[in-house]
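Each chain, written out:
Number of protein chains: 2
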Amino acid sequence: METTRDKLIRATFDEVYSHGYQGASLTDILAKACVHKGSMYHYFANKKEMALAAIEETILQKNAEKYRYIETYTDGFLEEFYTRLRDTSVRDFKRGCPIANIVQEMSNIDEDFNTLMKAIYEDFRTNVKAILDKAIEAKEMQPCNTRKLALFITSTVEGAILAAKASGNEQDYVDVIEELIEHIEGKR
Amino acid sequence: METTRDKLIRATFDEVYSHGYQGASLTDILAKACVHKGSMYHYFANKKEMALAAIEETILQKNAEKYRYIETYTDGFLEEFYTRLRDTSVRDFKRGCPIANIVQEMSNIDEDFNTLMKAIYEDFRTNVKAILDKAIEAKEMQPCNTRKLALFITSTVEGAILAAKASGNEQDYVDVIEELIEHIEGKR
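In order, the protein sequence lines correspond to chains A and B.
Numbering that gives the first Met the number 0 applies: residue 0 is where the first sequence begins, and numbers increase by one.
Numbering that gives the first Met the number 0 applies: residue 0 is where the second sequence begins, and numbers increase by one.
Looking at chain A on its own, in the form it has when it is part of the complex (with noise of 0.2 Å):
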């Protein structure tokens, strides 16, 4: 059963993803989850403190089960990553990289947030190193500096995104990924 604290953090996630932490209202945020502002307090100071919260429960999370798939795996690592990066059914492009909003948004204003998401980007960059590492192991791909490779993914990923958020054409992230994976084969 989801408990007040989960209804919070769900609402909050939804509120910033859609307008941001500065445009995100508490009021709107408290309706959506149906919880008094009394109660609120009982879990958080604030909502500064309950959008870092609802950010790195929900991000790290979802990252950490999109990438469990490698400890399971012995081989296809690349091909499993590539059918993935693939899926746009799992992202909303009118929303763009929830991510990549909250850096732009609030790196440059806020200590809290940047600690937090520079957090995020770390780990997004380690679990795509990790993919390599196990692709080079398996011998899919040739020996190569992971680390700077992961971070030339996850930087084209969040290119692609926006790309399709400024346009408006979902297309627009299909092609980016269709040239990151040919230039990631380009390694085999």
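Some hints here could point you the wrong way.
Since the list can't tell identical chains apart, any single copy or any two copies may satisfy a pair.
[What the hints assert, rightly or not] Below 20 Å or equal to it, Euclidean Cα-Cα: the simulated EDC-like pairs (lysine to aspartate or glutamate) are:
id, residue 1, residue 2
1, Lys133, Glu64
2, Lys147, Glu184
3, Lys93, Asp111
4, Lys147, Glu181
Since the hints were derived computationally from the structure, they do not count as laboratory data.
Given the structure of chain A, go ahead and fit chain B onto it with the hints provided.
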């Protein structure tokens, strides 16, 4: 000499670039520009109209200057393009890319910003496509779908700036750009 309107445009762009549109303070803009609110209304109806004008004029003008070189060059298009991509001195990694910032913050929540950012992003892509077309004409690279490659390049550059903003490490931008140049070089 800088007119009152110029001062407002410059101060608005700087404020929006630093704090986002929603976080931008009209009071701070007027103080920075040394302009009274009454004078502002002579040029702009409100903060939104002024912000849209500041973004459009500043970015489109900057882009036009940045890519004007291709009109005068007869060869070395790619080399010059790489030099400019590698030039970190023109970038502010703390604040990130002003285009991406506004796309992330506003595309989803306001139709006027959405339309403007779509036009600016398209302008960026068109400029890069023009360089690639010139490079092909000058036999610096094989013919290819330059519109798609331009999309890949603009997306990766945006992602590279975002990565450096997220990590606070300029080297991340440099590393992504080198991998991107390697990718373009593969089309020689």
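A quick look at each hint next to the structure:
no.: 1; hint: Lys133 / Glu64; verdict: within (17 Å within a copy, 45 Å between copies)
no.: 2; hint: Lys147 / Glu184; verdict: both (16 Å within a copy, 18 Å between copies)
no.: 3; hint: Lys93 / Asp111; verdict: between (27 Å within a copy, 15 Å between copies)
no.: 4; hint: Lys147 / Glu181; verdict: both (17 Å within a copy, 13 Å between copies)
Violation of the numbered hints given earlier is absent; every hint is satisfied by the structure.
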